[in-house]
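S.K.: Take a look at the letters that make up each chain.
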Amino acid sequence: MELIPSIKPLLAVLVSLAVIPVLVSSSEKPNVREAWTFVAGTVKFLLVVSMLPAVMGGNQIVLTLFKIAPGADIAFRVDALGMLFALVASSLYIVTSMYSIGYMRGLNEHGQTRFVSFFALAISATIGAAFSANLLTLYLFYEILSLATYPLVAHHQDAKSRISGRRYLTFILGTSIGLVLPAMIWCYHATGTLEFSAAGIFTDQLSKPSATVLLLMFVFGFAKAGIMPFHSWLPAAMVAPTPVSALLHAVAVVKVGVFSIARVITGIFGIEFLASFDLGAIVAGIASVTILVSSGIALSQDEFKRRLAYSTIGQLSYIVLGAALLSPKGVTGGLLHIAMHAFGKITLFFCAGAIFVATGKKYLSQMVGIGYRMPVTMTAFFIGALSIIGLPPTGGFISKWHLVLGTLEGDQMVMLFVLLTSSLLNAAYFMPIFYKAFFCTKEEAMFERKVDEAPMMCVIPLVITALISFALFFAPQPFLDLATLAVNGFIGG
Amino acid sequence: MNELLSLIVAKYNYWLYIILMMIGLYAMITKNNLIKKLVGMNIFQTAIILFYVSIGYKRDATIPIIQGDAGHGAGEAVIRAADYINPLPHVLMLTAIVVSVATFGVALTLCVKVYQRYQTLEEDELRMRLSEK
Amino acid sequence: MNNYPALVVVAPLLGALFAGITAWVEDRFTFPIVLTSLGIGVAAAISNMALVLTSGTIQYKMAGWMPPMGIEYRIDTLNAMVMLLVSVIAFLNLAASYWNVRQETPDRAGSFYVMYLLFVVGLLGVVATGDLFNLYVMIEITSLSSYTMVALGDKNRAPLAALNYIFIGVIGASLYLLGVGYIYIKTGSLNMADVATMVPHMKESSSLLVAFILCIIGVWIKMALFPLHVWLPNAYAYAPVGFARIVAPLMTKVMVYAMVRLMISVFGMDYVFNTLDLAEGVVWMGTIAILAGGFMALSQKNLKKMLTYIIVCEIGYMVGGAWLGNELGMTGAILHILNDALMTFALFLAVGNMVYKLDRVDIADLQGLFGKMPWTMAGFVLAAFSIVGVPPTCGFFSKWYLILGAFEAGAYHFAAALLISSLICAVLFFKVFEVCFFEPMSDGHGDGHHGHDNAVAMAEAPASSLVVLAIVSVSLIAAGVYSGTIVDTVILPFLR
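Chains as they are written, first to last, in the numbering used here: chain A, 1 to 493; chain B, 1 to 133; chain C, 1 to 496.
Hints were generated in silico from the structure; no laboratory data involved. A portion of the hints provided could be inaccurate.
To be verified - The calculated lysine to any residue pairs, modelled on SDA-like cross-linking and capped at a C-alpha distance of 25 Å, are:
1. B/LYS58 / C/ALA364
2. C/LYS186 / B/HIS90
3. C/LYS155 / B/ARG129
4. B/LYS11 / C/SER206
5. A/LYS67 / C/LEU495
6. C/LYS431 / A/SER232
7. C/LYS186 / B/THR46
8. C/LYS186 / B/TYR118
9. C/LYS301 / A/SER232
10. A/LYS160 / C/SER206
11. C/LYS186 / C/ALA364
12. A/LYS29 / C/MET458
13. B/LYS11 / C/ILE213
14. C/LYS431 / C/ALA416
15. C/LYS61 / B/PRO87
To be verified - On the chain B side, residues computed to face chain C include the following (Cβ under 10 Å):
16. ASN2
17. TYR17
18. LEU38
19. ILE48
20. VAL106
21. ALA107
22. THR109
23. LEU110
24. LYS113
25. MET128
26. SER131
Just so you know, even glycine gets a beta-carbon here, dropped at the ideal spot from N, CA and C.
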């Protein structure tokens with residue numbers, strides 16, 4: 001493994017930050033503004049992709065920005081795990097930007113400049129978190145992301161979004177300041193470093209009880225991962241415009257949460273350290289509870305986006321569960337699920353938004369027969385739902401397959417049972433939507449049998465992401481290779 | 001008892017300044033009238049000035065001006081520090097007095113301001129006026 | 001011998017003299033003179049800093065008298081930094097407050113500027129001096145000018161607030177003076193470095209103990225450590241904005257500096273922590289100050305008042321940190337002097353802008369402010385995040401050192417208080433943001449045909465204030481990311 005110094009990670013973070021002044025100054029010219037968003041998004045994506053070959057070759061790209069204290073600099077290091085996440089987030093940002101044009105203009109939303117500006121800030125912070133070389137840098141971007149998302153969640157500026165915004169901040173800031181910060185300082189105090197390393201930073205400073213407490217502080221503290229009982233901000237955050245729910249609350253923000261947990265498990269504690277204390281089981285247990293309970297709650301949700309939100313909570317815990325299995329296949333499956341779930345879930349959110357733009361409907365009970373009016377959207381929905389359930393031929397199958405293998409590898413039959421039950425539940429809360437959309441009598445149908453889709457700018461993105469979900473079944477290599485590479489680094493190396 | 005008495009007598013300057021200080025502090029805390037508070041404040045400051053002045057004093061010593069013939073004769077006389085009282089604390093107090101006078105002046109001005117605005121200098125009445133609004 | 005240390009202090013002093021004359025003769029020239037004198041002060045402070053960094057501690061003997069007889073200015077990295085901080089903030093604030101002064105004290109602008117300069121002279125003197133009695137004089141110069149400045153504020157409330165400030169301020173200064181008296185009795189010297197050499201030989205002396213306690217309590221009163229804080233909120237909230245902006249960030253911080261100086265350079269860490277058994281209690285006092293300040297801030301309806309209680313809270317950070325008794329805690333406390341000055345300055349700059357436009361700053365009056373004053377609010381938000389301790393703003397990094405120090409000292413209650421205060425501050429500021437952002441309530445889809453909301457017309461503060469706010473906001477982040485450098489080049493050389 002080689003360490004390649006390069007400024008590219010910084011550029012990838014800064015590019016959408018640098019474009020914000022331009023966005024603000026062109027607020028009177030929406031087309032110019034949107035064009036700049038695309039330029040920034042594309043440049044960011046290309047910068048990320050340009051680092052891919054080096055990372056695939058087993059190297060890491062490093063850059064130290066500021067020296068704060070020994071072992072805790074503000075620094076970037078692009079490894080396979082970070083690359084995997086950055087690739088997902090930056091590619092989906094472009095698609096979402098396109099979608100939000102259709103959505104925001106379709107609904108004639110106010111404050112669009114503010115919206116795109118904070119969106120750009122949020123995606124910068126996401127990439128920054130992906131490329132962080134140590135816990136301090138990760139925490140820094142984690143907090144920036146929390147705060148940048150607040151104006152997006154509270155976008156409507158009405159009483160409901162005020163309450164939701166408050167809940168969002170209480171959970172996210174409360175846990176990060178109350179749990180992660182002291183846990184981080186505890187780590188630094190004990191070891192004098194926060195640098196991620198496969199062997200972990202601890203040698204013999206921790207007894208089993210304190211290691212347990214520390215681990216739980218991290219797992220619950222990164223509340224963006226939606227581990228119960230710190231999950232209820234996510235359904236509340238669904239008051240945000242759908243592009244926010246789609247990119248941030250299915251991909252960027254929540255994935256930063258699980259990504260952070262994965263980083264802590266693999267880079268701060270180290271898989272072998274946790275295995276030696278047998279701590280994986282605790283995290284896996286917490287994740288399993290979250291998976292089952294949230295899937296159950298999702299069944300009873302009538303509001304489309306809330307159902308998706310509870311589904312997200314469950315799926316996020318798959319990733320945590322995968323990492324907590326501490327076996328090569330399990331961790332691979334977990335990391336892979338970051339990507340697979342992202343493409344699937346964003347499709348579903350795009351669909352929910354498209355339906356809202358086209359018909360103004362938010363509740364599933366009002367969507368009987370929608371398939372005849374919006375066939376493209378609902379077909380995409382079907383593919384996305386398959387991917388989340390984990391059925392072939394979609395990408396979700398690949399990640400769940402690895403997760404299942406991981407449970408077998410670790411001989412953890414309970415977890416296997418959890419995974420399978422949850423898949424059934426997933427099917428139970430998605431399939432009726434699809435069924436009612438197409439298979440209903442004429443009397444039941446609430447829409448005329450005339451095709452009337454949402455604006456093109458809404459439909460194209462969801463078709464793209466659905467196709468990618470589909471394609472990932474046949475060609476999961478970029479993500480699978482990255483995940484494998486990352487896991488080899490954590491366990492083999 | 002005798003020991004205590006002798007301690008008090010031996011260090012009577014300290015006891016005096018402490019008593020004075022406490023009188024001042026007492027007035028500042030308990031008096032209702034702002035002017036009385038100011039007087040208390042001044043006593044408080046003066047107590048400290050007296051303390052400083054007293055610590056410069058030495059028994060059987062004289063004012064710190066070197067005696068002898070003006071000019072070249074002075075250099076030859078042997079100067080014994082114990083013969084002269086220490087002038088430094090006294091000089092310091094010149095500054096402290098200036099400070100306390102200035103503070104007192106500012107405070108009096110403010111009292112005038114307060115009186116012009118509220119027609120009273122009694123604290124309880126002032127508090128009532130303030131809570132009315 | 002170069003004269004930079006003296007120049008830093010003397011430039012504003014002469015400026016005050018000239019400003020006093022011109023204010024009398026021709027008022028138009030006052031402001032430029034004041035600005036120039038502070039500008040010279042800043043330049044001298046920068047040269048001073050550069051000199052200290054390259055060639056180590058400077059000893060400047062006033063009028064050529066040899067210490068310990070004469071008064072000595074002893075400039076090491078710590079006070080070079082604080083001097084730079086004071087002069088820069090004084091300069092920037094003056095530039096920002098021109099319009100505020102014209103609005104609030106139009107007929108007494110001249111006296112405002114003169115007192116302003118004298119206040120700055122006092123602060124710089126406190127920082128520069130190496131003489132215990134001179135420190136007293138400088139503290140009193142600072143206090144006297146701030147009494148008068150506070151009285152220039154709100155016509156109804158300010159005189160009384162200033163009077164209460166005087167009563168408590170005089171007690172504080174007098175206690176300090178008394179402490180100096182005892183030091184003089186014991187050591188026969190007033191020079192800090194000279195005293196420091198004698199302290200180790202008289203550790204058991206009860207007079208020295210009394211001296212130490214009196215000095216420290218005096219300084220605590222001046223810095224408004226809870227429960228000695230009662231004078232601060234009213235005095236700062238009713239002062240004219242142009243002055244509140246400088247006294248809030250600097251006065252308490254300079255007093256913290258004085259405490260650190262007394263602890264390290266006069267009595268010595270060994271005496272403070274090994275001979276005396278006070279440290280644990282004082283850290284508890286810091287903890288209580290943090291929590292009490294935070295909770296009192298929660299109950300405030302006025303934005304200015306709320307910020308003043310946050311100052312009380314922040315004082316707890318620094319006192320507690322300094323008394324943790326380890327290098328990390330002291331580093332955190334010193335770093336926080338710098339950081340807290342910057343962030344409090346940014347907050348009060350923003351509030352000054354609001355006052356300029358809105359007159360009243362009860363939190364309920366701030367409706368729609370994000371639309372009305374976007375730039376001011378941007379600065380305010382950044383400063384608020386710094387107070388909360390969100391990286392990469394500087395507030396995070398001093399908190400980082402403080403919490404590390406608390407861990408090392410085993411003072412977990414102090415670490416917990418720091419975290420809780422972060423949360424309280426988050427609540428405080430988001431309460432304000434919510435009013436600014438959500439009210440007046442919209443239906444969420446109102447007048448969007450251009451894709452942006454112009455429900456409230458923009459009405460920003462004068463450009464000069466905004467530029468200064470922008471500079472300070474950037475410095476919040478710069479001080480944050482370069483805190484490693486600051487610690488390595490300024491604080492650790494001082495501590496070791």
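S.K.: Which of the stated hints cannot be reconciled with the structure, identified by number in ascending sequence?
M.R.: 1, 8, 9, 10, 11, 16, 25 and 26
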